[in-house]
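*Asks:* Protein chains in written order, with our numbering: chain V, 4 to 336; chain E, 4 to 336.
Since the hints were made in silico from the structure, they are not lab data.
One copy or two, it doesn't matter: identical chains are merged, so the pair holds either way.
EDC-like cross-link-like pairs, simulated, lysine to aspartate or glutamate; straight-line CA separation at most 16 angstroms: (1) K5 / E214; (2) K5 / D236; (3) K5 / D212; (4) K70 / D28; (5) K5 / E233; (6) K70 / D43; (7) K5 / D213.
Since the model is a prediction, treat every value here as computed from it, not as a measurement.
There are 2 protein chains.
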Amino acid sequence: MKKIINDPSTVVAESLRGMAVAHADLIRVVEEPALVVRSDAPVQGKVGIVSGGGSGHEPLHGGFVGKGMLDAACPGAVFTSPTPDQVQAAIEQVHGGAGILLVVKNYTGDVLNFETAAELAAAEEIDVRTVVIDDDVAVKDSTYTAGRRGVGGTVLLEKIAGAAAERGDDLDTVERVANTVIANVRSMGIALTAPTVPHVGEPSFDLPDDEMEVGIGIHGEPGRARMPAEGADGIVARLLEPIVTDLPFGSGDRVVLFTNSMGATPLIELYLAHGIAERLLAERGIVVERRLVGPFITSLEMQGMSFTLLKVDDELLELWDAPVHTPALRWGA
Amino acid sequence: MKKIINDPSTVVAESLRGMAVAHADLIRVVEEPALVVRSDAPVQGKVGIVSGGGSGHEPLHGGFVGKGMLDAACPGAVFTSPTPDQVQAAIEQVHGGAGILLVVKNYTGDVLNFETAAELAAAEEIDVRTVVIDDDVAVKDSTYTAGRRGVGGTVLLEKIAGAAAERGDDLDTVERVANTVIANVRSMGIALTAPTVPHVGEPSFDLPDDEMEVGIGIHGEPGRARMPAEGADGIVARLLEPIVTDLPFGSGDRVVLFTNSMGATPLIELYLAHGIAERLLAERGIVVERRLVGPFITSLEMQGMSFTLLKVDDELLELWDAPVHTPALRWGA
Numbered sequence: 004m005k006k007i008i009n010d011p012s013t014v015v016a017e018s019l020r021g022m023a024v025a026h027a028d029l030i031r032v033v034e035e036p037a038l039v040v041r042s043d044a045p046v047q048g049k050v051g052i053v054s055g056g057g058s059g060h061e062p063l064h065g066g067f068v069g070k071g072m073l074d075a076a077c078p079g080a081v082f083t084s085p086t087p088d089q090v091q092a093a094i095e096q097v098h099g100g101a102g103i104l105l106v107v108k109n110y111t112g113d114v115l116n117f118e119t120a121a122e123l124a125a126a127e128e129i130d131v132r133t134v135v136i137d138d139d140v141a142v143k144d145s146t147y148t149a150g151r152r153g154v155g156g157t158v159l160l161e162k163i164a165g166a167a168a169e170r171g172d173d174l175d176t177v178e179r180v181a182n183t184v185i186a187n188v189r190s191m192g193i194a195l196t197a198p199t200v201p202h203v204g205e206p207s208f209d210l211p212d213d214e215m216e217v218g219i220g221i222h223g224e225p226g227r228a229r230m231p232a233e234g235a236d237g238i239v240a241r242l243l244e245p246i247v248t249d250l251p252f253g254s255g256d257r258v259v260l261f262t263n264s265m266g267a268t269p270l271i272e273l274y275l276a277h278g279i280a281e282r283l284l285a286e287r288g289i290v291v292e293r294r295l296v297g298p299f300i301t302s303l304e305m306q307g308m309s310f311t312l313l314k315v316d317d318e319l320l321e322l323w324d325a326p327v328h329t330p331a332l333r334w335g336a
Numbered sequence: 004m005k006k007i008i009n010d011p012s013t014v015v016a017e018s019l020r021g022m023a024v025a026h027a028d029l030i031r032v033v034e035e036p037a038l039v040v041r042s043d044a045p046v047q048g049k050v051g052i053v054s055g056g057g058s059g060h061e062p063l064h065g066g067f068v069g070k071g072m073l074d075a076a077c078p079g080a081v082f083t084s085p086t087p088d089q090v091q092a093a094i095e096q097v098h099g100g101a102g103i104l105l106v107v108k109n110y111t112g113d114v115l116n117f118e119t120a121a122e123l124a125a126a127e128e129i130d131v132r133t134v135v136i137d138d139d140v141a142v143k144d145s146t147y148t149a150g151r152r153g154v155g156g157t158v159l160l161e162k163i164a165g166a167a168a169e170r171g172d173d174l175d176t177v178e179r180v181a182n183t184v185i186a187n188v189r190s191m192g193i194a195l196t197a198p199t200v201p202h203v204g205e206p207s208f209d210l211p212d213d214e215m216e217v218g219i220g221i222h223g224e225p226g227r228a229r230m231p232a233e234g235a236d237g238i239v240a241r242l243l244e245p246i247v248t249d250l251p252f253g254s255g256d257r258v259v260l261f262t263n264s265m266g267a268t269p270l271i272e273l274y275l276a277h278g279i280a281e282r283l284l285a286e287r288g289i290v291v292e293r294r295l296v297g298p299f300i301t302s303l304e305m306q307g308m309s310f311t312l313l314k315v316d317d318e319l320l321e322l323w324d325a326p327v328h329t330p331a332l333r334w335g336a
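Taking the hints into account, I'd like the entire structure generated from these sequences.
*Replies:* Here it is as structure tokens:
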């Protein structure tokens, strides 16, 4: 295992320490339990948005804490759910009197631990709602899930629900917006190589040099099929087809297209794939209104990529365009 | 070789096509010869800033085209200098009457081809100046250089010189600012794995699983030493020491610290290393005024990282903080 770390048991804590000094203008880091919190939280009268999950998917979620997106993120150990007390502490740190929305990716451990935290917060008479995102069309049930996995759609959901909360929407509205995103977003990914979890010390799976894993999960969970590696045209078509036909997305639909690197796939390949995707969607009459291209939900140093497609209307587009000031996404005044 | 590409000979052109649709609000792409140009170029009365180099270091340079940074970038084939006619075409596209600054990383092919282009432009009576950046303290001469290589300092130079041009400084002043950056910036990097150039098809070098290459170049050129892989504390100290002692940077100096991923090193490791660097610099009394952390000058899917340290005064800091709107760096109104 080759990694720039000191000790697998301190990777997350040490990484958060570096993140705290790198972005002191936007976030603060709580060490025990581990939290990334918006620097001006709690914002009185604003719905607080809390997410989290296993570390190793950076910049998700801590990189999306800040104005216009998350109020707090709960980083678990690498590829491991955060604990209920982390989530409970996050809720208490960011509660500004208007309630809390928990954004949970659909993995059994995450759902359970966020649910426990929600119950603890409810006992303190904080109004907590939970939305569970399950946008991965690759498989029905998976290694760590009942039902579909939550993947790239999470980034778009956090941006859009965060903007709704920032403009002052109440908890009912923010929850509705989040569920609208969930209903309209679909994703699928592919891996060319495996990630290595620091405390495991060896690749999560073996993938021969001439094969790829289609429908991979963000923890390297098996997907739909392992098959001979193919060219970019084939890969892009193979990923987009199940996404488009699932919702389905049809001619005239307006979308946000998110082309994501799983970590080690470089921008030169990602832009290449993005260009092919734009062409294939145009051929179907699907109108790409906005794009996001880069490594925003990763699997450590895995080579691979995913596409996420979100059907949008004017309201969702306005929320997408609203200002955001976080370590990983930043635009607007 | 596992890459999301169709054909090694069309990688750069196809990637640029995807980049063009992804960022149509900021840039336009010229196909023949290949250029990335600021969408509103030429800006009349503004000094034009042109850079470029081999592809494979994304987001450098095309990702830094836009308001407040570059007017045009000339992408060569992967790890190959752009041609003189590319650079000449870029100069013609962005010349707004106030002259052109060429930002060149110190590699023999780049220096030669930019120089030829500058001579061609001079024949058209365009005032063209050239600055050559050579910030890598690792080695004196190298595989592709006479003298030191140009690496991470290029990103900081392009941001700061771009801001000077944007605020309306004349060519003399922009050139002076760029040379001030060159005089005050130092870098060094390390590799844990090798990159694979698409048209070569195999890793650029062999690096056993328990070794690292210290002082690596951004094309995988050999550095100072190959040695047993060590922990993050050791790596960070080993990179910072030669940087700090070279300029030298001393107690009370104010700096921008740029912690860069060579591509496949994930953010979780990069933040960890960044935190250690901040601590080591604080121990020396060096004051980190601003930070940049992420993959901004890469070597395809190489695992590794580099540090860049720039000594700043109030003027350079003001230029660093000025608004920038590019695909890869974006802040301010």
